[in-house]
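Work out the full structure: start from the sequences and follow the hints.
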Amino acid sequence: MGVARVTVGKRTLAMPSLGRTRMDITTDGPTLVLSGDFDGRCTSQVRSALYDHLAVHPHVVADLSDVEVIDLLGVRVLAMASREAARDGHHLTLRGCGPAVRRMLHLSHLIRVVDVERDVVDEVEPEAVSA
Numbered sequence: 387m388g389v390a391r392v393t394v395g396k397r398t399l400a401m402p403s404l405g406r407t408r409m410d411i412t413t414d415g416p417t418l419v420l421s422g423d424f425d426g427r428c429t430s431q432v433r434s435a436l437y438d439h440l441a442v443h444p445h446v447v448a449d450l451s452d453v454e455v456i457d458l459l460g461v462r463v464l465a466m467a468s469r470e471a472a473r474d475g476h477h478l479t480l481r482g483c484g485p486a487v488r489r490m491l492h493l494s495h496l497i498r499v500v501d502v503e504r505d506v507v508d509e510v511e512p513e514a515v516s517a
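Residue numbers (our numbering): 387 to 517.
Source of the hints: derived by calculation from the structure; they are not laboratory data. No residue lacks a Cβ here, since even glycine has one placed at the ideal position from N, Cα and C. Please note: incorrect hints may appear among the correct ones.
Across the chosen pairs, the derived CB separations fall in these ranges [unchecked claim]:
| hint | residue 1 | residue 2 | range |
| --- | --- | --- | --- |
| 1 | Val442 | Arg488 | 27 to 33 Å |
| 2 | Ser430 | Arg504 | 26 to 32 Å |
| 3 | Gly415 | Asp474 | 16 to 22 Å |
| 4 | Arg473 | Val502 | 17 to 23 Å |
| 5 | Gly415 | Leu459 | 26 to 32 Å |
| 6 | Asp414 | Gly484 | 15 to 21 Å |
| 7 | Arg408 | His445 | 24 to 30 Å |
| 8 | Asp438 | Arg489 | 26 to 32 Å |
| 9 | Asp452 | Gly475 | 28 to 34 Å |
| 10 | Thr417 | Val455 | 17 to 23 Å |
As structure tokens, then:
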């Protein structure tokens with residue numbers, strides 16, 4: 387049996403999850419940082435963390451940079467949280483969506499429902515490039 391750890395500030399909660407998966411949820415102000423496999427075995431923990439955070443912050447960022455795997459249930463949790471946030475006048479932004487997350491968002495057509503933060507690409511200044 388795996389463990390899902392939820393960290394709020396300096397407090398960490400360990401919740402049992404079914405199967406081998408592990409999802410770590412850490413808060414940093416209005417940002418929720420998700421790490422691990424985001425699948426059906428941890429959707430209830432992620433859903434609770436998202437809704438609890440949206441109740442406190444008008445704009446929440448879900449950082450998915452460290453999400454290695456996501457399934458349709460995980461994407462649907464994000465889409466439903468985005469929809470509920472909008473209904474309540476709040477906003478949810480997804481940050482750091484890797485290829486697996488982007489692929490599932492596109493395949494499920496839920497990319498239209500969520501706000502995905504664009505990746506910032508460091509540009510080289512013209513003076514720094516030599517001829």
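Hints that the structure is at odds with (numbers, increasing) = none
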